[in-house]
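**Q** Chain by chain, the residues run as shown.
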Amino acid sequence: MLEDAEARPALEQANKEDWDDFLKTYYEKPQSTKTWSGFDLKEIYTPDDRKVSDYHKEVGDAGKFPFTRGIHRNMFRGRYWTRREVVGIGSPSDTHERAACCFKQGAMGMNTIADVTYEMGLDPDHPRARDEIGLTGVNVSSLKDMETLVGDIPLDKVSWSLITASTVAAATMAQYVAVAQNKGYDIARLRGSIQNDPIHFRYCGFKPACPLDLSVKLGSDVMEYCSRNMPKWYYTTVNMYDLREQGITAPQEIAFGFGIAMCYIDELIRRGLDIDEFAPRFTFYVSCHIDFFEEIAKIRAARRMWARLLKDKYGARDPRSMQFRFAVHTAGCSLLPQQPLNNLVRISFEALAAVLGGVQSLHCCSYDEPMCLPTEKGHIQALRTQQIIAYETGVTSVADPLGGSYFVESLTDKVEEEALMIMSEVDKLGGMEEAIRSEWLDRKFDEEAVKRQAEVDGGEKLLVGVNIFTSEPETETPLGVQRVSRLSTRQQIADCIKLKKTRDHSKLIDAIKRLREDAEENRNTIPAMIEATRAFATTAEMMGTIREAYGYSYDPMNVIESPFTFLSGVKKGKAL
Amino acid sequence: MNQRKIRVVVSKVGLDGHDRGAKVVASLLQKAGMEVVYLGMYQTVEGIVNAAVAEDADVIGVSYLSGEHLVFTPQIVAEMKKEGLDDVLFLVGGSFPPEDIPVMKEMGVHQVFRGGSLGEDIVRYIRENVRTKMQREEGS
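For the record, the sequence lines run as chains A and B. Numbering-wise, our numbering puts 350 at position 326 of the first sequence, and it's gapless, one number per residue. Numbering-wise, our numbering puts 106 at position 84 of the second sequence, and it's gapless, one number per residue.
Isolated chain A (complex conformation):
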């Protein structure tokens, strides 16, 4: 800049004012002493801020009730967290290729994510799906797609996380089991998880694809089936993360997430399962936002609250039922398209908070997520971030290294207190199902999102590159842009149409009839869906058949009719 002769006079003229500003900046203090969620902080915390009469009762060592400090005695000395990346792009074979690439770079688990069309239970040949296949994940419509997605990855060795959040998770589970069995695996040995949290999907997806009664029913079908047949499988990952992404606070994240989790627990108990039979495989997906200490406190508070909830409210006796197991996804909504390389720094702090909080499994966002789907370079960089934390920083040696900090313990108490207050508010409304039905929860999300934007607009929350230290907008994405191949998506549509023409129709019809009957009789639908998948029934056909049995339209978009006209004579399910 000083080399530039033209810039020099302007610089000299501006000099006096600039240096006055400089001096002001030199003496600048943080303008906010509140946490991200709005807790007022003191300038120092001392022993007086926590009156712990009984350490073992209120906090406890790692591995001991109430698990505030971690669910394992020796935490990462026993095993690192699972380093994952979320992958989902274009076709099943595109997605498989990226997954294989992540494994090669040191990923220890795989998350594959469904695209919007699959989440809504639409096949690629649906008129409203055609333009959006593979844009945000992968569409799996048949046994063949799932076979391609899995490829040669050993399902009894790799922990596979199937991210299908909606009611379609039941179909995903059936497709995965069908493929595993076809490949000769004993499903009792399959390791991994399925997101299967259809209630939350109402808030980041299409409500008509996830009616509340069907969400509880199908979500619980998966949980029941896996509890009884797949002891190494985690059958739900209650998605507190997506709730947080709506703009809510840390205590709200816990309270709303636990509220939804309790809807499933209550249903499984109604079905006659014992709490200790299924609770040890219950998991959560937690956000790590940018406020470092508040996120760590949130995780610690959640662990203590879950332990007490399961023990006191549900009467769990097995300590494993009381352990809050969670994966962290660093907060996508904290990332910005302005000065995008800054995102690498944000992600690092968020991931570090997750690790200091004692995470079981971690996905780091890719720095390029505010611009496009992760590029291969973005994915690898996100993995490297985890690897640097794991292998270089030394933070893995000691369990809960911040435990006992006057500040962190006090903030843990504060987050817990606030979250418990919100939970009792929900109780007074008649429980979470009622809070959902009355749209109380929708209103909360809307209110909080508007508040968050107002905080940035008003300068109350500072974001580098947005309302401080701004620069000229970038014209290029630093490490390139990920595009979805139109060729792949066209092939997906063609494959789906071909499959529907060439499969054995009598087998298909038998399988669909059985599925319809099981749904009508309110039996667990997973076995019939596995059978239907083997008969090459598609995702939309299975979901549509179940929807009709429950009195909903075959197609959530109300565009197409059921191809199974023979079912029109069958007695209709309960009316809406």
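Rather than coming from a laboratory, the hints here were simulated on the basis of the structure.
Taking beta-carbon pairs under 10 Å as the criterion, some of the chain B residues facing chain A (in silico):
| hint | residue |
| --- | --- |
| 1 | D38 |
| 2 | G39 |
| 3 | H40 |
| 4 | D41 |
| 5 | R42 |
| 6 | G43 |
| 7 | V46 |
| 8 | S49 |
| 9 | L50 |
| 10 | S88 |
| 11 | E90 |
| 12 | F94 |
| 13 | D122 |
| 14 | S139 |
Note that beta-carbon positions come from the ideal geometry of N, C-alpha and C, so glycine has one too.
Since the structure of chain A is provided, determine the placement of chain B on it from the hints.
**A** The following block gives chain B in isolation, referenced to the frame of chain A:
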């Protein structure tokens, strides 16, 4: 002068369910004194343009977060042309690579606001660039 409020149709299009940004923008435009018709999720291209016609909108704002912007933008522009909405402002918000901003402007988008945009910038842009129905009639 009896000037009516600026009228904005805010919508999502297609199957993408990320509606936080669209809702927040709808709310802040309303607070800035504009009349907002929020269509919500799962709208079709025709549905959005028809709503703009029916509501006599001055501005259409569409939010994309799932990489569908290059698919729907030309469809919306074509539909706006077909319905004669030549002087309606077409604004786009959401997540997309900076490389695609000039592409969308070339297609006919007037302005683009990505994540991290400030409310006041969106409001100011609309106020400075909108031609209300009255101005349009005066101009014609």
